[in-house]
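K.L.:
When the count follows the UniProt record's numbering, it moves up by one through the sequence shown with no breaks and lands on 177 for the last residue.
I should point out that these hints are in silico values taken from the structure, not numbers from a laboratory. For clarity, every value in this text was computed on a predicted model and none was experimentally measured. Beta carbons are placed, not taken as given, at the ideal position from N, Cα and C, and that holds for glycine. Mixed in with the good hints there might be a few duds.
[Claimed, not checked] Listed next, with one range per pair, are the computed distances between beta-carbon atoms: (1) M123 to E50: 28 to 38 Å; (2) M42 to P130: 31 to 41 Å; (3) W34 to L152: 41 to 51 Å; (4) I9 to L120: 17 to 27 Å; (5) L160 to V28: 24 to 34 Å; (6) P130 to D47: 46 to 56 Å.
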Amino acid sequence: MIWIDYIIIGAIALSAIISLFRGFVKEVFSLLSWILAFWVAMRFGADVAEQLFTMVSTPSARLMLGYVATFLVVLIAGALFSHFMTMLVKQTQLQGTDRALGLLFGGARGVLLVTIAVILAKMTPLDQDPWWTDSSLLSYFEELGLWVQDQLPPEAAAKLQAVQSGDVPAIVPETKS
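Using the sequences plus the hints, can you model the full thing?
P.N.:
So, in C-alpha cells, the structure goes:
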C-alpha cells in the first residue's frame, strides 16, 4: 500500500465516523435535501432569476442569484425537516440502531465519493502516473466506476461520455438582458 491507499481508507473511515455520530436518519435526509435542492435549482433557478429582473440588472449575476437562492431555500427547508426527524428518532429507543445504520451509510457514501473521484480523475492523465498504477486500491475503484457508469440511464451516460470526450455543450439558459 502507498500513500493514496491510505488517503482512500482515511476518506472512507472519516465518512463512516461522521455518519456514526450524525445517525442514519440525519444522513439520509441530508442527502435527500442536497439532491432535491440541486434538482429544484436546476429546474426552477432560471425562472427565479426572471423574477429578479427589476432588482438585478446584470443577466449573469441575476441567473447565478436565481440558482443559488433556489438551492439555498430548498436546502434550508430540508435541514429543518431533517432536524425535526432527528428529534423524533432521539425520543425513541432506536438511537443505537440509527447510529449503527449511520456508520454503514457513511461507509457506503465514502466508497461512492472515492468512486466518483476516480471516475473524474480518469478524465485526466492522472491514471498514467506511477502512484496510480502502484496503488493497491485504485484498480478496485476503477472497476466500481465502470460498473457505476454502466448503471446510469442512457441520457446521463451520454452526457458523461460527452464530458469525457471534451464535447460539452453549454447548459446555462439565456435570460432577459
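K.L.:
Each of the hints needs a verdict: does it hold here or not?
P.N.:
For each hint, the structure was consulted:
no.	hint	result
1	M123 to E50: 28 to 38 Å	34 Å, holds
2	M42 to P130: 31 to 41 Å	39 Å, holds
3	W34 to L152: 41 to 51 Å	19 Å, violated
4	I9 to L120: 17 to 27 Å	19 Å, holds
5	L160 to V28: 24 to 34 Å	25 Å, holds
6	P130 to D47: 46 to 56 Å	50 Å, holds
When the structure is compared with the earlier hints, a violation turns up for hint 3 alone.
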